[in-house]
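**Q** Build the full structure now, drawing on both the sequences and the hints.
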Amino acid sequence: MALDTQDLQDAVIDDRERGVFRVKRTTMTADAMWHLERKRVFDQCWLYVGHTSEIAEPGDFVRRKVAGRPLVFVRGRDGEVRAFYNSCTHRGARVCRQDHGNTKSFQCFYHAWTFSTEGKLVGIPDKEGYAHAVDPAELGLRPVARLACYRDFWFVSFNPEVEPLEDYLAGAKEYIDLVADQGADGMCVLPGTHQYACNANWKLMVENSVDGYHGAPLHHTYFAFLASQGDDDGAKQLRSVEARAYDLGNGHAVVDYPAPFPRAIARWHPIYGEDAKDELQGIRDELVDRCGEERAHRMAETCRNLLIYPNLLLLDVAGLTLRTVWPVRPDYMELTGYALAPRGESAAQTRRRLEGFNLFLGPGGLATPDDIEALEACQEGFAATAEDYSDISRGMHRDAATVDELQMRAFWREWQANMLGLGHGAHDEGPKPAPAGVAS
Amino acid sequence: MSVAAAASETLLTRLAVEDFLYAEAALLDAWRLDDWLALFTEDCRYFIPATDLPDGDPRATLGLIDDDRARLQGRVDRLNSAKAYREFPWSRTTRLITNVRLPADAPDTAPGELAVAANCAAWRYRKGDEQTLVGALEYRLAPAADDAPAAFRIRSKRVVLTAEALRPHGTLSIIL
Chain A
1 MALDTQDLQD AVIDDRERGV FRVKRTTMTA DAMWHLERKR VFDQCWLYVG
51 HTSEIAEPGD FVRRKVAGRP LVFVRGRDGE VRAFYNSCTH RGARVCRQDH
101 GNTKSFQCFY HAWTFSTEGK LVGIPDKEGY AHAVDPAELG LRPVARLACY
151 RDFWFVSFNP EVEPLEDYLA GAKEYIDLVA DQGADGMCVL PGTHQYACNA
201 NWKLMVENSV DGYHGAPLHH TYFAFLASQG DDDGAKQLRS VEARAYDLGN
251 GHAVVDYPAP FPRAIARWHP IYGEDAKDEL QGIRDELVDR CGEERAHRMA
301 ETCRNLLIYP NLLLLDVAGL TLRTVWPVRP DYMELTGYAL APRGESAAQT
351 RRRLEGFNLF LGPGGLATPD DIEALEACQE GFAATAEDYS DISRGMHRDA
401 ATVDELQMRA FWREWQANML GLGHGAHDEG PKPAPAGVAS
Chain B
1001 MSVAAAASET LLTRLAVEDF LYAEAALLDA WRLDDWLALF TEDCRYFIPA
1051 TDLPDGDPRA TLGLIDDDRA RLQGRVDRLN SAKAYREFPW SRTTRLITNV
1101 RLPADAPDTA PGELAVAANC AAWRYRKGDE QTLVGALEYR LAPAADDAPA
1151 AFRIRSKRVV LTAEALRPHG TLSIIL
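The listed protein sequences correspond, in order, to chains A and B. If you're matching positions, the first sequence starts at 1 in the working numbering and goes up one per residue. If you're matching positions, the second sequence starts at 1001 in the working numbering and goes up one per residue.
None of these hints come from the bench; they were simulated from the model. No residue lacks a Cβ here, since even glycine has one placed at the ideal position from N, Cα and C. Careful, some of the hints might be misleading.
As the list claims (entries may be wrong) - Restraint-style ranges between C-beta atoms, simulated for each label pair:
id : chain 1 : residue 1 : chain 2 : residue 2 : range
1  : A       : A93       : B       : T1098     : 31 to 39 Å
2  : A       : A112      : B       : T1094     : 41 to 49 Å
3  : A       : A93       : B       : P1103     : 36 to 44 Å
4  : A       : H35       : B       : D1108     : 47 to 55 Å
What the hints assert, rightly or not - Taking beta-carbon pairs under 7 Å as the criterion, some of the chain B residues facing chain A (in silico):
id : residue
5  : A1050
6  : T1051
7  : L1053
8  : A1060
9  : I1065
10 : R1069
11 : K1083
12 : Y1085
13 : R1086
14 : A1163
15 : A1165
16 : G1170
17 : T1171
**A** Okay, structure coming up:
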């Protein structure tokens, strides 16, 4: 199937007057959609690559695959952070063959060309074998077109013309701040990652990660466990009047709601035990001193699922996790989860944080496996009904709640504009249509 | 004790441990999860490190599973319900337990505890998918009361997966 403009226009029905929003299921199944996404989404946007704390010292590096491209994310011996293609400029082999570490140089194992941590070609065996025209100064490791950082979160773009990162992040910056400010000395990524997968289209996980509507029905067993530990108001919080959803511009979106979970950032829960109360109160007091009561309250007692378009989720929930969603095929994605924590927090706090994280999140948690099951079930359904549409209209007639679907519409509006080559989407939902049962 | 007598005692202990581990695997294959949980002590830990950090310390690093008794109970209750959708209906599994050893120099072994190392291969079938989960098992076993049905109780169980990532598995939804 070759795509034309009409196919892309038909892919999303956005009827703001009637309050109807639908997405055609071929967006999740067709090879042609996926091929175009690579060009118009993943080759255009800013994409998350790593966190400052992962390469804290000169010579530290991690390998990352970003939109299928193998990269080395490295702090040079000169202290500067860079992102290179992990490919020798001689004949293309991987020059970095460890997932992480600290090094003085990267030496290709094929013909032993050697590159500094700043990417310069510093060693060619039997250099006399080359004419003067072969200039080592032109054969350094190839940097990714753009690299930029916001609050220790580093992003790359394969698009040299991409707008500045801070413009791109738009309204998401305030929500990143609510994570970055949780530690007085900044945040760090803890060792250990969740590396898993799902046999479904990547956009299903993006939707799922900011979907409050599914929380209560799909994750019954998780909330039942919390209830067994002395907290029975868990899932109700998702439906409280304070539980909202916001379109943050440029495809970014968030659900922001009173915490239904224990939170190591200062929301005590019986699961932590009485012993933890004093320490959590101390952490909350420090947040108030540093950030004021309003922001301290948001950090401690509310939580957020933040989508940074197109594929980064910052889930500030039972644990604090960064999740990247990488499409591999239209019906298969790879997922990686990282745990974030305030730098220098106590061992007891890290332990509480990780226990909360593990209980809900990740491939062995009490919740994520059922998300994966649901997304795979959707994908199976799509295969049989690809010409049909999925309905994402929920809440178009009101100020969006966490259990509504504004956050998915924000994603899809941006996605459609990107796919049509129109830049950013138009995100204002405008005047609200009449609620159900009221004649208009 | 003579060398032969010591060797014989070690052998008998290992046979008792093997019987215990085979029985544990049979309970899991049969989804008799309440009976399985009864094998654990009240102060137990059940830990599966992240695939990229097999030596991870659950107190300081992110793992795949880090359960105490209460959370293990939650896991069992969940899998016994019809609302653990990844495992309802239950998958079919077969576990092979092999290479059982009694390391004499295992760290963090309390007096009276027995350190056990073994390998595990588990196959999981569901909805046309086949998963193979291979790993190393590390136990600390406490002696059970004389009238208990099993010879030991599990104080800690650590499963180190051999896979580099849970791909293409997706999830770890069964108990290993």
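**Q** So, I1065 (chain B) near chain A? Judge it on the closest CB pair being under 7 Å.
**A** Holds, because the Cβ-Cβ distance from I1065 (chain B) to chain A comes to roughly 4 Å (cut-off 7 Å).
**Q** Identify whether the interface hint at A1060 (chain B) stands, where standing means a beta carbon of chain A within less than 7 Å of its own.
**A** holds, 6 Å
**Q** Given A1050 (chain B) as an interface hint, is its Cβ closer than 7 Å to any Cβ of chain A?
**A** Holds, about 4 Å.
**Q** Let's test the interface hint: is any C-beta of chain A closer than 7 Å to that of T1051 (chain B)?
**A** holds, 6 Å
**Q** Do the numbers back the hint for G1170 (chain B), that is, is its least Cβ distance to chain A under 7 Å?
**A** Interface hint status for G1170 (chain B): holds (5 Å vs cutoff 7 Å).
**Q** Against chain A, with CB atoms and a cut of 7 Å, does the hint on Y1085 (chain B) hold up?
**A** holds, 4 Å
**Q** Min Cβ distance, L1053 (chain B) to chain A: is it shorter than 7 Å?
**A** holds, 4 Å
**Q** Hint A1165 (chain B) vs chain A: min CB-CB distance below 7 Å?
**A** Holds. Min distance 4 Å.
**Q** Regarding H35 (chain A) and D1108 (chain B), is the given constraint of 47 to 55 Å on their beta-carbon distance met?
**A** holds, 52 Å
**Q** Determine whether the Cβ-Cβ distance between A93 (chain A) and T1098 (chain B) falls within the hinted range of 31 to 39 Å.
**A** The hinted range 31 to 39 Å holds for A93 (chain A) and T1098 (chain B), with Cβ atoms some 38 Å apart.
**Q** Quick one, is the A1163 (chain B) hint okay against chain A at 7 Å, beta carbons?
**A** Violated, about 9 Å.
**Q** Starting from the range 36 to 44 Å, see whether the pair A93 (chain A) and P1103 (chain B) falls in it by beta-carbon distance.
**A** At roughly 40 Å between Cβ atoms, P1103 (chain B) and A93 (chain A) fall inside 36 to 44 Å, so the hint holds.
Hint compliance for this structure: hints 10, 14 are not met, and every other hint is.
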